[in-house]
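Protein chains in written order, with the working numbering: chain A, 3 to 114; chain B, 124 to 238.
Worth flagging that the hints you see were computed from the coordinates, not collected in a lab. Nothing here was measured: the structure is a model prediction, and the numbers come from that model. Note that beta-carbon positions come from the ideal geometry of N, C-alpha and C, so glycine has one too. Take every hint as true, because none was put in to throw you off.
Computed, partial: chain B to chain A, Cβ under 7 Å: (1) Gln165; (2) Gly166; (3) Phe213; (4) Gly229; (5) Thr230; (6) Gly231.
Under the rule of at most 20 Å between Cα atoms (straight-line distance), these lysine to aspartate or glutamate pairs were calculated in the EDC-like manner: (7) B:Lys225 with A:Glu102; (8) B:Lys172 with A:Glu46; (9) B:Lys225 with A:Asp58; (10) B:Lys225 with A:Asp59; (11) B:Lys184 with A:Glu3; (12) A:Lys80 with A:Asp58; (13) B:Lys184 with B:Glu143; (14) B:Lys225 with A:Glu54; (15) A:Lys99 with A:Glu3; (16) B:Lys225 with A:Asp53; (17) B:Lys225 with A:Glu46; (18) B:Lys172 with A:Glu102; (19) B:Lys191 with B:Glu143; (20) A:Lys73 with A:Asp26; (21) B:Lys184 with B:Asp208; (22) A:Lys99 with A:Asp58; (23) A:Lys80 with A:Glu54; (24) A:Lys64 with A:Glu54; (25) B:Lys184 with A:Glu102; (26) B:Lys225 with A:Glu70; (27) A:Lys64 with A:Asp88; (28) B:Lys191 with B:Asp177.
Listing some non-contacts, in silico: residues in chain B with all C-beta distances to chain A over 10 Å: (29) Glu143; (30) Asn147; (31) Tyr150; (32) Gly185; (33) Glu187; (34) Ser193; (35) Gln194; (36) Ala209.
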Amino acid sequence: EAEVAQSPRYKITEKSQAVAFWCDPISGHATLYWYRQILGQGPELLVQFQDESVVDDSQLPKDRFSAERLKGVDSTLKIQPAELGDSAMYLCASSFKGHEQFFGPGTRLTVL
Amino acid sequence: AQSVTQPDIHITVSEGASLELRCNYSYGATPYLFWYVQSPGQGLQLLLKYFSGDTLVQGIKGFEAEFKRSQSSFNLRKPSVHWSDAAEYFCAVGISNFGNEKLTFGTGTRLTIIP
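Isolated chain B, as found in the complex (with noise of 0.2 Å):
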């Protein structure tokens, strides 16, 4: 079965400081790979999706994502964040389920941003 770990629960962040994100997953084949970000109380927003090809992903926001398939990584980064980037950062694996993707999330990462 697929997973995905989250190695950093909580990460604080200088505004304006770059930010990278953990990802790590297992999947036996090629996975179809996802960042999702949550602000308080809300539903969840793609920034971000790697089915195939190049593997430097680029999203929504300034935010861009690596695939690196040695390692089974799949990381979040962004060069400068600013305090509105501050919220709830999920990574997920997707495999085709019925024709559409089944996806199963990391527990999370909580970005904080200091003056």
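Next comes chain A alone, as it looks inside the complex (with noise of 0.2 Å):
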């Protein structure tokens, strides 16, 4: 069964550096999104593909927070700096056309 791969699983970074997240969504699926799931919470959108073009990154912190999906397939998500409050599941989703989302197994960010 075709899934959402995510690297790394896990990642602990001090504040003030960088650090970058990947997906891979599912084959064919031309929407992808990023989510941040802060804990006790639901998860929150922070930018939406359709293919290469971002088409809402309205809750994307934009002064440290940048997205990209050069060829329309794989994602990639960087902060930079990393701060404090950045410590959450950062979640990553496809869909084909329609309602489902399919979900990955995310990035759990730890910042010292």
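Each chain sits in its own coordinate frame; assemble them with the hints.
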């Protein structure tokens, strides 16, 4: 069964450092989402891609976060510099022309 | 703007007992509604979804949910829980966003199963 892949699964970094997360969606899924899930809360959408284009980044803190999906397939989310408040689970999801989003296992980020 | 409320932060149920998790939403139009389950350290798995039609929706793992427009609710139920059902459950409302769904999640309900 096709799955959304994410790496790394866990990342520990010090504040002010740069971190990057990678996501490979299910093959053929044109829409890709990055979510942030703070402990004890539900996921919150950071950015949505349609193919290689960003269609919604209204909740992305653009002073330190960036996301790209250069060839419309896999995607990278970067934080620079990381802050203590960025500690969270970062989830990637993909969908194909419809309503159901398939989620990856997430990357757990700890900022010290 | 749409919002989702899950009033129960934590629920404990005995194995074999019935389960109901509450979800209330706020949205001006007919919503798309979802229930997801998340095991510790894992991503989210879709249990079921409501778009239109029959207000009682069947999902995977024996779960069902009922959409009640008059109460703005979409409660999740299971007649008999198993120890493997212990997880975090999230209700979400979706609105069309550039041809795909933009999901707004509730804060989740953590389910503990006791023998």
